[in-house]
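Number of protein chains: 2
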Amino acid sequence: MKQQQTPAALRHSIRSGAMGTNTSGLCPGFVQGNLCILPADWAHDFLKFCQLNPKPCPIIGMSAMPGDYHLPSLGVDLDIRTDIPQYRIFENGVAVEQVTDITAHWRDDLIAFVLGCSFSFEEALLADGLEVRNLSEGVNVPMYRTNISCQEAGPFKGNMVVSMRPFKAADAIRAIQICSRFPSVHGAPIHFGDPSQIGINNLAAPDFGDAVTVNADEVPVFWACGVTPQVAVEKAKPPFCITHAPGCMLVTDKLNSCLAIM
Amino acid sequence: MKQQQTPAALRHSIRSGAMGTNTSGLCPGFVQGNLCILPADWAHDFLKFCQLNPKPCPIIGMSAMPGDYHLPSLGVDLDIRTDIPQYRIFENGVAVEQVTDITAHWRDDLIAFVLGCSFSFEEALLADGLEVRNLSEGVNVPMYRTNISCQEAGPFKGNMVVSMRPFKAADAIRAIQICSRFPSVHGAPIHFGDPSQIGINNLAAPDFGDAVTVNADEVPVFWACGVTPQVAVEKAKPPFCITHAPGCMLVTDKLNSCLAIM
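Going down the list, the protein sequences come from chains C and A. Each residue of the first sequence is one higher than the one before, counting from 1 in my numbering. Each residue of the second sequence is one higher than the one before, counting from 1001 in my numbering.
Hints may contain errors.
To be verified - Below 27 Å or equal to it, Euclidean Cα-Cα: the simulated DSS-like pairs (lysine-lysine) are: (1) C:Lys-48 x C:Lys-157; (2) A:Lys-1157 x A:Lys-1055; (3) C:Lys-168 x A:Lys-1168; (4) A:Lys-1055 x A:Lys-1168; (5) C:Lys-168 x A:Lys-1235; (6) A:Lys-1157 x C:Lys-168; (7) A:Lys-1168 x A:Lys-1237; (8) A:Lys-1048 x A:Lys-1157; (9) A:Lys-1168 x C:Lys-157; (10) C:Lys-55 x C:Lys-237; (11) C:Lys-48 x C:Lys-235; (12) C:Lys-55 x A:Lys-1168; (13) C:Lys-168 x C:Lys-48; (14) C:Lys-168 x C:Lys-55; (15) A:Lys-1055 x A:Lys-1235.
Hints in this document: simulated from the structure, not taken from any laboratory.
Using the sequences and the accompanying hints, generate a full structural model.
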C-alpha cells in the first residue's frame, strides 16, 4: 500500500533503487519539492533571484553550507544525493545525463535548493471539493511562457512561466481564497481570464505540459509556476547544475497543512 | 473637522437634529450599518432569512428583546430611534413617510436589526491602494438583480441583489483576498466576469444605483448586496417596517478592523 508509506520509508526505497519513477500521488498530505543544485559561486545570485520572485520561486529548504547534502528541516535523515528518483545533470545549460543517484557527482561547493510545488495547493483544492482539470483528465498541468518579467539577479532573469487550471467564476474565487493560505507553494493566482493580457496567445498550445479542456462557462486561472526558475537557470547557463527530472520530486516530512499561514 | 468626530459625537449630533444627511465618508474607520426594524411576529422569519443568506444579509447587531431600542454592542448609548439621519416607514410594503426620528413610531413589539454594509470593505480596498470605481466616479455603486435564489424563510424570499466594482484581474484577485477577511460585511465576491451567468443582461443599466465605467482590460466583480434583504422585505409586505433612508446609515463604535477575521 504505497499511499500509506511514510515519506522517510519512501525516500529509503528510492535511495535503495527500488523506486525510480514519478512521485505524483505518493505520500498524500506531505510536501513535495523541486530541486535545483548549483555551485556556491552561482548560488548567491540564485538565492537572490528566488527572494525577488517568491511567487514562482518559493524556497522551502536549502543546504546550510556548501557541500551539505542533508536538509534536516525537510526530513531528518534526508540525503539530497540519493532520495530523488531521477536527477538531470546540466553542463553550461545543456542536459547531459539523467541518473538515479548523484553521489558520484557531488562536490563540496554545491548548494541544494528545494522549491515548493503546486502539488501542495492542488491537494488543498481537491480537499475543498474543487475539480482540478489536469488531475481529472490525467495529464500534466498546462504551462505557458508569459510577458511578465521576473526581477533580475545577476545572470538569472527571464519571464514568468505560469500553470493554468480552468474554473467556473465562483470556484475560481474559492481557489483564490484557498491558495492565498499557501504563499510558499506559489500562493494566490497571478491572473485570470483573458490570456493575451499576460502574453499568452493560444491556450490550446501550452509551452510545457498538456492542454486541458476549458468549458464555455469557465475562466482560465493562472498561477506562478516552478518552471520559471528552471528556465532562468537554463538561460543563465551555469557550468554545472543538477535538477530533479520532471515529476520526480523530493518527498519531504513536512505536512502540506503546515504550509498554511492561516 | 467632521472626519475627526467620534461615532458617539456624530450620533449625538444626529440625535439633536443638527446633522440629517448622508453618512458616507463620516467617521472613517468605523462600521456603518443598514437598519431594518420589524414587529416581533415577523422578526423570527427575518432572522432566519438572514441566517440562511449570510452573504447578502450579515447581521452585526439586533435588539436583545422586543421593544429594546438600545444596541450596546454597537454603541454604548446608542438609541436606534434617534441616531440615524433619515428613516423610511413602510406599511404593507409601501413607503409612507420619511422622518428624522422614530420615537413617536416606536412600539414595544419592535425588533431592530443592523446589517453590515459595503462601506467597510470598500475602506479596506482603498487602504490597499485599489481604486473603487463608484468612489472615484463619485456615484452610487451599481446594483443588479440576479437569477440567484436566496434561501426562503417564511414570507421572506427572492433573488440576490449584487453590487459591482470593476477591476483588472490582478486587482480582482487582491480584492477577493481582502474581502475574504470581512465575512460580516458581505465577504468575498460571489461572481466575476460574464454577467449573464448570474442573470444580468446589461451592465450599463443597473437596477439600483448608478452605472460606472468598465474598461476593456477590466472584469466586473460582483458582491452580495444589502439591498437583497430590503427587496425581500418589500416583497413580504409586513404590515409595519422601518428602514434607514439610502445612504443615511447607523454609524457604530465598532472599528472596521475589528470585523477582520484574520
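Cross-check of the supplied hints:
1. C:Lys-48 x C:Lys-157: holds, 11 Å
2. A:Lys-1157 x A:Lys-1055: holds, 15 Å
3. C:Lys-168 x A:Lys-1168: Given that 27 Å is the threshold and the Cα spacing comes to 18 Å, the pair holds.
4. A:Lys-1055 x A:Lys-1168: holds, 23 Å
5. C:Lys-168 x A:Lys-1235: violated, 31 Å
6. A:Lys-1157 x C:Lys-168: Holds: Lys-1157 of chain A and Lys-168 of chain C sit about 26 Å apart, inside 27 Å.
7. A:Lys-1168 x A:Lys-1237: Cα-Cα ~40 Å, so violated.
8. A:Lys-1048 x A:Lys-1157: holds, 11 Å
9. A:Lys-1168 x C:Lys-157: holds, 26 Å
10. C:Lys-55 x C:Lys-237: Given pair Lys-55 of chain C, Lys-237 of chain C holds - Cα atoms ~22 Å apart, limit 27 Å.
11. C:Lys-48 x C:Lys-235: holds, 16 Å
12. C:Lys-55 x A:Lys-1168: The hint holds at about 19 Å.
13. C:Lys-168 x C:Lys-48: Measuring from Cα to Cα gives roughly 37 Å; hence the hint is violated.
14. C:Lys-168 x C:Lys-55: OK: Lys-168 of chain C and Lys-55 of chain C at ~23 Å, within 27 Å.
15. A:Lys-1055 x A:Lys-1235: With Cα atoms ~19 Å apart, Lys-1055 of chain A and Lys-1235 of chain A stay inside 27 Å; holds.
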